[in-house]
Amino acid sequence: MLDSFMSYLGSTVTPGEANNQLWAMIYVLIIFAGVSVAVMAMNWLERKALAHFQVRLGPMRVGPHGLLQPIADAVKLLIKEDIIPAESDKFVFWIAPLIGLLASFTVYTVVPFGPSQAVSDMNIGILFMLGVSSLAVLGVVMAGWASNSHYPLIGALRSSAQMVSYEVAMGLAVVSAILMTSLHGAGLYGVAKLSDGTGTLSMIGIVQAQQEQQVWFLFKFFPLGLIAFVIFAIAMIAETNRAPFDLPEAESELTAGFHTEYSGLRWSLFMLAEYAAMIAVSSIAVTLWLGGWVRPFPHWLSGPTWDFIFALFPGLTFLGLGAIAFLGTVRMPKHAYFRVQTIGLAAFGAVLALIGVFLLAIVIGAKVSPHDILNRTTEGLSNVFWFVFKVAVFMYLYIWYRATWPRYRFDQLMRVGWKVMLPISLGVLIVTAIVGVLLG
Amino acid sequence: MTPVATPFFFYMLSGLAVAGGLLVVTRRNAVHSALSLIVTLLAVAGLYLMLYAPFVAGVQIIVYAGGIMVLFLFVIMLVSLERTIKERQFNRMWPVGLAASCALLALFLAVFEKGKKLFEDRPLPPLTENNNTQQIGLMLYGNYMFAFEIASLLLLVAILGAVIMAKKRI
Amino acid sequence: MNDRENAVSNLDLETPEKPYLDSNELIINMGPQHPATHGVLRVILKLDGEKVLGTECVIGYLHRGVEKIAENRTYTMFNPYVDRMDYVAAVSNGLGYCQAVEKLLNVEAPPRANYIRVILTELNRIASHQLWLGTHALDIGAMTPLFYTFRDREEILKIFEKYCGARLTTHAFRIGGCQYETYAGFEKDVKNFLTFVAPKIGEYEELLTTNRIWLERTKNVGVISGPDAIALGVTGPVLRASGVKWDIRKAQPYANYSQFDFEIPTGKNGDTYDRYLVRMEEMRQSLRIIEQAVNGIPEGPIMAKVPKVIKPAVGEIYHSIEAPKGELGYFIVSDGSTQPYRVRVRPPSFVNLQALDVMVRGMLVADVVAVIGTLDIVLGEVDR
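Protein chains in written order, with the numbering used here: chain W, 291 to 730; chain R, 1489 to 1658; chain U, 15 to 398.
No lab work stands behind these hints, which were simulated from the structure alone. Hints should not be assumed to be uniformly reliable.
Below 25 angstroms or equal to it, Euclidean Cα-Cα: the simulated BS3-like pairs (lysine-lysine) are [said to hold, decoys possible]:
(1) K117/U to K322/U
(2) K172/U to K1655/R
(3) K370/W to K380/W
(4) K60/U to K1655/R
(5) K172/U to K205/U
(6) K709/W to K65/U
Model the full assembly from the supplied sequences, consistent with the hints where possible.
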């Protein structure tokens, strides 16, 4: 048992390829737990960031600075009464959030956190992700139908029409990124061979192609990569029904759209599915255009010293977060009422700082006395950190968009999807292909 | 990639597909039929995977389960179907139907027996040079380019027809 | 100002728009409990798919019988009731009523009282427009301006509270003038407010005016032409955005507005975007008026010589002012006793609401919400 556990460490392929079921299971559990924690953190961040954008504070009572608010929300949702509308189709009502959840979580099978850290690197990775995330539409449609009331039905049909329309633009933008994987020239405009057909659909292969070509696909064939990225970034917001494309959930018009009739645990499943889908499409964007797990400037600032400096970032980030927590502790009002919160915040800051110190110790240890396990751990740490950091930037952008912009009316939304996004992404695709052939 | 537990997965996936198909035709509620059809299509995608055709499996999920079934569900939901729930599922001609399907089954078995010698009884070797996606790409845009263009023209005509029929004013 | 006589209206209020051949008319009910109808308003929409064929507003959910109450109260006792009609901008209501009764009594408020009245009324206009902006933007989906405008509105409410003790239903004026002297530091507070809020208005504009999504949601939405507006009796920023330059502060000046120098902003197309721009500019013009007023408050009494028991002579009077939402009019009939025989309030929101039907014909359901927001109605006024 132990050697089957250890047999996988140090392998250079994903557990799926190595046929290692135990490690695949472990990865699945880690991802499941990680995504759930990320969703809760995202919930907290959304409320806090939105509040700060709107000149208010957000949750402050439940735990210091509202850090325990997501737990309170989860508990509240779990103990709520489960209301099923009369005359509704009970089976479909029950299964709709499950389908949404399934679709949103299954895509994590191929999300790469490192060169061999994915549950399974399918050679149709990106196709699988696009396909399974399109199954979420079914969940939405069924939720609206099963609610047996016209507001949710209208909301569901609109929401699914929107998701399906923007999937087209998403797919075309993805294709132009895939085109770039079959090039081998390094740099912004380099292209060596195109017709060898060694392009790949696998997520790990795409990041490795960016590593080989020494440039993020965001900057490749500038501005083509950038335009494709922008199209995908806009389409992914519409795909996940977030502002400014959140008319189907708009309160002032349809009172929460397709999940109006869902309460308690069922609604929290929808929320979980929505945030998980957000993280999933952000990781597609990060993998395809932003270089995935590769640290910034791997070739421009290369060499062991630079590697070391960049490897310090995870530890420094946690230390920084711990410092912010300590700052918050210092600024807490000195009143008996706040004593528990102050202690809690200080403890939280201490935990963050300890994690930071631990990570720094690993990195510095690897530098001082290179050892196989330490080196590999540093590398793995660095990969996971940069990937999560880039996805976190996208999450923050999601919240920023929601705070700033009004929402599109439905016909304008569809017009943008079909008349603006689709032609531009087609054009980018064609021009990328032409440029690839011409420069080769 | 070495296959793992092949008989188990084959029987499970085919059982799912057949069960889904049975549920499609026996449910009263049209939405339940559509959901069962989704299960069948996903099981077939799994079968494609077992045949070392991951691209076809992926496309099956995207196009069939994610696109066509959404269309089906839209239509079912926009057309009010309360009447049909109360109708009988099987009408009085069911012996004729049974006889016809038995005849069809006999035909399939006869063809299978005749053609069994064409297929050797061994597992298919996986592709060695290119993987499935690249092979399909090379074939589709190389040898079968013309058929591809005709298919896309057909789709264009269908889209135009749908738009013209659905628009209220030209 | 002469557009009223020359107006030609193409309104055909009798025949609704003909539905399409195979249309599926749907009657949807919005409200009275609805997050976007700004109070208890029920709008029955007749839809063809998503297009609106016609609307019908059902009001009266907030009817409190204010006009009937007036018949059983003395003139002074009725004064606090008028604040509760347009509760968002209570000071204007009080101004209109007090001036109407003063006209009946043939007294004039002293100059100092007029200056105080103008300052408070214009502050009230800015507060009302800020609330309008916050809720309108929220209806269209921009959540953030709501918080910014409410934060800035706090400063005005603080001034009101320091002046008369109440933030919302101020009862600031009395028949014949003002009861309260300005408190120590009033001018300083108002001047500080002027410097505080001018950049804030710029902040709101920065978020919305050139935002493409805002433009798409508000341009050519809810268009009403000038003649149509005049035919329906619409007043206020809605009328001015349709191109008609009619403001009672300039046309029939009351208090001492004729002494101040300010512009009347007008729009061109009469769509939601123009109404937005007109109200933003009105806020700036109010700042101008306040600045001129606060720099020249004369000394003197704040209350005219009004008898203790107000018993106007038999007669009737109609007096209207430019409230933030439009022309607010008071028609008071006196039969010589201490209680009025009839007080009829002409609320601007009530008349403007009738334009909703005309404005949303042919628009989509999401636009109905935007148009209700842009009309700036307060149900307290509509129902009284």
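So, going through the hints one by one against the coordinates:
1. K117/U to K322/U: 17 angstroms, holds
2. K172/U to K1655/R: 57 angstroms, violated
3. K370/W to K380/W: Roughly 18 angstroms between the alpha carbons, so the hint for K370/W and K380/W holds.
4. K60/U to K1655/R: 21 angstroms, holds
5. K172/U to K205/U: 14 angstroms, holds
6. K709/W to K65/U: 21 angstroms, holds
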